[in-house]
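Chemist: Chain residues, written in single-letter form:
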Amino acid sequence: MSELLQQIINGISLGSIYALIALGYTMVYGVLRFINFPHGDAFMVGAFVGYYAAPRIVPLVGGSLLIAGPITLLLSMLVCSALGVTIEKLAYRPLRPRPKLTILITAIGISLFLEFGGQLVFGPDPKSFPTLLPSAVIINTPNLVLRSTPVIVIATTVGLMLLLRFIVMKTKLGTAMRAVSYNQSAASLMGINIDTVISFTFVLGSSLAAAAGILYGSLYPSINPLMGVFPGLKAFISAVLGGIGNIPGAAIGGFIIGLIETFVTGYLSPTYRDAIAFGILILILLFKPSGILGRAESEKV
Amino acid sequence: MNSAPGNILELKACGINFGGLTAVSALEVAIGRRDLLGMIGPNGAGKTTVFNMITGVYQPTKGSVLFDGRNIVGLKPYQIAGLGIGRTFQNIRLFPSLTVYENIQVSLVKTLRHGFSHSTLQLPRFHEEERAVRASIVELLEIFNLTHVMNERATSLPYGDQRRTEIVRALATKPQLLLLDEPAAGMNATEKVELMRLIRLVKERFDIAILLIEHDMKVVMGICERIIVLDYGIKIAEGPPEAIRNNLSVIEAYLGEQAA
Amino acid sequence: GGGGGDNTIQIGEYSSLTGTAATFGTSTHKGATLVMQETNASGGVLGKQIKLLTEDTQSKPEEAATVVTKLITRDGVKAVVGEVASGRTLAAAPICQSNGVPMITPSSTNPKVTQVGDYIFRVCFTDDFQGDVIARFVHNSLNLKRAAILKDVKNEYSVGLAHYFAQSFKQMGGEVVVEQAYSEGDNDFKAQLTAIKAADPEIIIVPGYYNEAALIVKQGRELNIKVPFMGGDGWDSAKLLEIGGASMEGTYYANHYSTSDPRPVVQNFVKKFHEKYNETPDAIAALSYDAVSILMDAIRRAGSTDGPKLRDAIAATKDFDGVSGTITIDNNRNASKSAVVLASGPDDRQE
Amino acid sequence: MGVHATKVVLLAAIAISFIVSLFQSQINPYFLQIIIYIGINIILATSLNLINGYAGQFSLGHAGFMALGGYTGAVVSTTLGATPGGSSAVIILPLALVLGGIVAALAGLLVGIPSLRLRGDYLAITTLGFGEIIRVVIQNLDFLGGARGFTGIPKLTNFFWVFSVVSITVFVISNLVNSSYGKGFLAVRDDEIAAQAMGINTTKYKVVAFVTGAFFAGVAGGLYAHFVSYINPQQFSFIRSIEIVVMVIVGGMGNTPGVIIAAALLTILPEALRPIAEYRMVIYSLSLVIIMITRPQGLFGRELSLRSLLGRLRKQAMPV
Amino acid sequence: MLTVERLEVRYGGIHAIKGVSLSIARGQIATMLGANGAGKTTTLRTISGLVKASRGTIRFEDVELTNRPPHEIVALGVGQAPEGRMIFANLTVKENLEMGAYLRKNRAEIQNDLDFVFSIFPRLRERIKQPGGTLSGGEQQMLAIGRALMTRPRLLLLDEPSLGIAPILVKTIFEKIQEINRELGMTILLVVETGELMIEGKASEIAKNEGVRKAYLGET
Ligand SMILES: Nc1ncnc2c1ncn2[C@@H]1O[C@H](COP(=O)(O)OP(=O)(O)OP(=O)(O)O)[C@@H](O)[C@H]1O
Ligand SMILES: Nc1ncnc2c1ncn2[C@@H]1O[C@H](COP(=O)(O)OP(=O)(O)OP(=O)(O)O)[C@@H](O)[C@H]1O
Ligand SMILES: [Mg+2]
Ligand SMILES: [Mg+2]
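Protein chains in written order, with this note's numbering: chain A, 1 to 301; chain B, 1001 to 1260; chain C, 2001 to 2351; chain D, 3001 to 3320; chain E, 4001 to 4220.
The hints are simulated quantities; they were obtained by calculation from the structure and are not laboratory data. The reader is advised that the hints may include incorrect statements.
Cβ-Cβ distance ranges computed for the label pairs, FRET-style [what the hints assert, rightly or not]: (1) A:Glu3 to D:Ile3268: 30 to 40 Å; (2) D:Ile3193 to B:Asp1207: 21 to 31 Å; (3) A:Lys172 to C:Thr2280: 56 to 66 Å; (4) A:Ile139 to E:Glu4109: 37 to 47 Å; (5) E:Arg4104 to D:Lys3204: 29 to 39 Å; (6) B:Ser1249 to A:Thr196: 44 to 54 Å.
Pairs of lysine to any residue, SDA-like flavour, derived with a Cα cap of 20 Å [claimed, not checked]: (7) C:Lys2218 to A:Thr131; (8) D:Lys3204 to B:Leu1083; (9) E:Lys4171 to B:Glu1257; (10) C:Lys2226 to A:Ile152.
Since we're looking at a predicted model, the values are computed, not measured. C-beta atoms are modelled at their ideal positions from N, C-alpha and C, and glycine is treated no differently.
Based on the provided sequences and hints, a complete structural model is requested.
Modeler: In structure tokens, the structure reads:
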């Protein structure tokens, strides 16, 4: 019984990380309709900014994590946003009118560039991520443990999800983002500056990646230049499962994938974990071809 | 089925809802084998929806669609096309990456007797058939005066040419019934006259029935033998052009005072 | 051009300088480079300078095959050193074998590697040996009978070591109460650990690499798992303690050598390595150092870089005083040597 | 006369492959290896081009098909005990390849089914999932060597076999898409609704594309296994699938000659960059980005298309 | 108000328009006629910045528009109901119309204009919550015109506004165009199919305007 409870906690905390990364994927996808492959790598960069910055920031603020944490986070968001916007400007913008697959390959190129570049710049060996989040024990019985780190991650994920949803559904810029996603020419005819909207989208997406990187580093304190690859893939799957482009969908997808993986590992065959997780994903998609919360594009014939 | 022998298509008590909206209800339509029938009605009356029900794009929620006496409700669009119903689309849907020639070639696929193995191995029958395909495409393009743009990408043509290409493409499926959704839209006066000539020619030459949606009254009144009028998904009138032109409810709902 | 005419002898090295195993590849490369520099500084071998040609495998087996073909047929290297992982070594070994170029792998522990042919050698112990060492340590020294295994299914090293450990441990009368798995690249192991905890083992065997191992131990401690953890040579790295921190109390791993071994060859190596790279060498660097050293030694003894002669000289290696122990190449071209078991913390015990 | 041009080209290509293979031992093995990889990548890329480029079904599972073909082929030839150079190889290798192709094609059938309901990125993730499932299953099958891999596959693949299969693949796929029958693939890609209205059974076309593409991927897998003689599941991860997709898109979707050249270039490029060691992949990835930005329709756009070449041939040959 | 001089546009290798010149005075309704493929749509798209001109200039109220991005041109006061409608398929009718008012701030005025659009096209009010993509062809056309009106431009570009519209509405539309022109002082450039010239008076004068004539002839 307590094992089951513990597994649920494990699943949700793993899922919240997927959800957090998935939000960034979905954000960019929602506006640009293409998979921003380097998102997982931006996430890695975010973690590394934290790795290099935190030890310098912590002494500056007198060792207080409560102050150093947010500053590090902010700095990392800033760096990643700059990176995201630059990538968009240099690599994606020239290809905007082209078929999405062209941009996809460019994205793959950028992703490889960040991974191999990361190995060159940061070195390939794993680095131990500094402690930025308080790791207090909330529940501690011999058989059931809950720490504060996953709780903070979950709270952040849910909070960001609500914030994003608010931005997209309720603000003018959000409406502009939706318009741009449906038809860029038409949006520009409404007076929307597509470049600004897309840059903003990348700022949002990259900030999310940075936040995820910092939180991930805190939860799993070993970071390396390839750390974004698998969580990125899982997060992308989560986003698709939830209905890519849909913000609550990404969060739900993340939690579902986290729970599925945890339960398959805990109760079925761990060696088949990825296979079973993919199997379930495929099954769900067969019944709901545009993801759990995704709406099928309505097309009038 | 109790369908009249002379009718190629019959809609019986056909209806469809989208969520709460009834787009078409209890529609009865009969089209004879050589009819040139017009369908008019205000915007959103349900005309295009009728086409979509006939061709299997939408499933009617009520009633049946009889083609040649056989209920085709539930068949896939390609099966219905295979039975002999060709169509054009209100929002032109040419294959954007294909040339005019290739667009039409697609329609001939269903008439091919060869398939995967013949085309990959290039057996003798393959070459024979490919020659026939080419000949019939060229023949069609000549009739419609599109030979000069044969190798251009269909979607880079001017609007009017695209519309005509769509008609040719539908015709190439060798239909017994041809459904045309606003073929004159975007054409200028000269082209419209030419279009009317072509539609008549098609009907004679290919000996088929045509159902035509059109908002241009010169075209509709000029070539249709009979006209159906829809409003809010309901048939409000049916008859020859003169009767429709002077029908008060049609004038009120659709034509307006100064009818064309 | 080949190494015959001019004044150098070319040795090929293939290692994973980039990709998922880059951290191991860079370690082996450092070890190998150190030998080359030492050798050249002391006048080279057979009066010639050694030139180490290094190719990157990107951590992919198919690349390993490509680069070894290149090293042998394009660059004309006289011997080949590599790789860390058996998967890539296995891809390259047949090429060395069919070209008659001797190859020494520093750390591929899969028994199949040297079975490829008589040109293929290794300087590390094999998975079955190591598995047995771990089993004996758990069973005899720690006196624990109920073990759990958490292995990396994507990694042939981990799968192999887990297999041989279980085999030996059961023979001794121990019991494997639960076997769990993860995949390279995972960072969350709580699901596995929770399931392991439910099976109530006395020790948890983690035959994987240090990065995952450190996280596994850390997360295990967070889940209130108090029993010891134990791993193999894949744990050896300064990073283990850095990442795992205090959680590493009460963990053990089998290894090829210990940096605190007083033997001069070890101390000399550790010192030089630290001078050059400003870091403590891990086991893989040590093995790579030994592999190239044995090769140098064999070239000297053979008096030639001719394939068959060199092969025979390597095969004749006996009681070589290596960093990772005293190495004798046995009839199966494997190194027969001892293993050490280290406990995390300052004091290490030897088995 | 000219109507049989493609067949003549095919036979000539096979004959040339044979003649070249007689002099295979004269070629430096490293170059030979690159050439063989080029051939295998051409098969993979042209077959994926049928699925992705021509039929417009975004598939990320090609490495999975390749794995099935490779492992099946390996089992066949090791069971039958073929030896390199032995006369039995002439029968056993084709048998292994074809069986590998068939097993992959069956999987293609299975993967094709979701494509009937799924579109775009949803389909991509599903095919990626299938590929990974195949890989994980192999990883757990002991008789295939599991994670440790399959060793001791006889090295039967040589220049002749690879380039004969390349010729056949290109022949089959370009004949297919250039025939009237094959226009159905393009129609499905461009507009499914319109295609259906023109009587195209879109379901069938998608499945045919998947099955055919998977078959050739399986054959390529077999050639690969019998060349490297050691395979393990990691060689067939989704990263490999992505590499093949990159070749297709760099070459220009639905442009067979372009894809062939891209497959060759993208095989050679990382080799050519070897001297710069650690910087190699950084430069490689940058070149990818630069290629896409400067040649967004693929390296060759629409200019170099087999369709137009063959079209010209046919026009000369056929009086209309 | 608008002056176009020797405008040339290419699509890849295709020379779509070769030297179109036209000028429109403030408060006019100008009509552009032309054969199929003459380049009318291309001209409008170039004015609103969707297509880049390869040569020539476009000035609007002494501001150079040539090759500015569309959103700046809209902000300067040029609105367009484009050929092909370009509806936001997944936004509702209301959201589509609100997008038109993206740059505007005054809520009351926006509401006013919304009511005005609904008064011309009552059908749109009936469909207010329906996604734009599922509207019938004619309904979408109404939405495209309505959305352009919502930008409250000083120069309105209408590309075949009556395309796909039922006869009873066609008349209304042209009446409303004149009303808008008269009462709101909006200058209008209208592309219509030949033979459908329903606007009298001022408009037909413009049709004789030198520039438009050129456009009409299109140098075919
Ligand atoms: N998929 C759909 N979902 C919801 N409503 C729909 C859908 N398709 C059509 N409708 C609605 O059904 C009604 C009939 O549409 P239809 O396209 O048949 O009209 P139409 O008579 O062809 O009009 P037009 O002359 O403008 O083309 C319209 O009000 C439209 O909004
Ligand atoms: N996207 C495009 N790619 C290539 N050529 C194009 C494109 N759009 C238009 N053209 C070509 O440019 C020329 C002018 O087209 P345009 O659409 O401006 O004409 P139009 O006068 O509006 O015609 P219509 O009456 O059919 O609307 C035509 O020859 C057309 O084929
Ligand atoms: Mg309609
Ligand atoms: Mg136009």
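Chemist: Falls inside 30 to 40 Å, the C-beta gap from Glu3 (chain A) to Ile3268 (chain D)?
Modeler: violated (54 Å)
Chemist: Could you check the hint for me, namely that Ser1249 (chain B) and Thr196 (chain A) are 44 to 54 Å apart, CB to CB?
Modeler: holds (52 Å)
Chemist: Do Ile139 (chain A) and Glu4109 (chain E) keep their Cβ atoms within the hinted range of 37 to 47 Å?
Modeler: violated (58 Å)
Chemist: Taking the CB of Ile3193 (chain D) and the CB of Asp1207 (chain B), does the distance hold inside 21 to 31 Å?
Modeler: holds (28 Å)
Chemist: Kindly confirm whether 29 to 39 Å is satisfied by the beta carbon distance between Arg4104 (chain E) and Lys3204 (chain D).
Modeler: Violated, since Arg4104 (chain E) and Lys3204 (chain D) (Cβ atoms, about 52 Å apart) do not stay within the stated range.
Chemist: Is the hinted pair Lys3204 (chain D) and Leu1083 (chain B) satisfied, with a Cα-Cα distance of at most 20 Å?
Modeler: holds (18 Å)
Chemist: Between Lys4171 (chain E) and Glu1257 (chain B), does the CA-CA distance stay at or below 20 Å?
Modeler: holds (10 Å)
Chemist: Just to be careful, I want the Cα atoms of Lys2218 (chain C) and Thr131 (chain A) compared with a cutoff of 20 Å; is the pair within it?
Modeler: Between Lys2218 (chain C) and Thr131 (chain A) the Cα gap is close to 13 Å, so the pair holds against 20 Å.
Chemist: Regarding Lys172 (chain A) and Thr2280 (chain C), is the given constraint of 56 to 66 Å on their beta-carbon distance met?
Modeler: holds (58 Å)
Chemist: Are the Cα positions of Lys2226 (chain C) and Ile152 (chain A) separated by 20 Å at most?
Modeler: Violated, at about 25 Å.
Hints 1, 4, 5, 10 from the earlier list are contradicted by this structure; the remaining hints agree with it.
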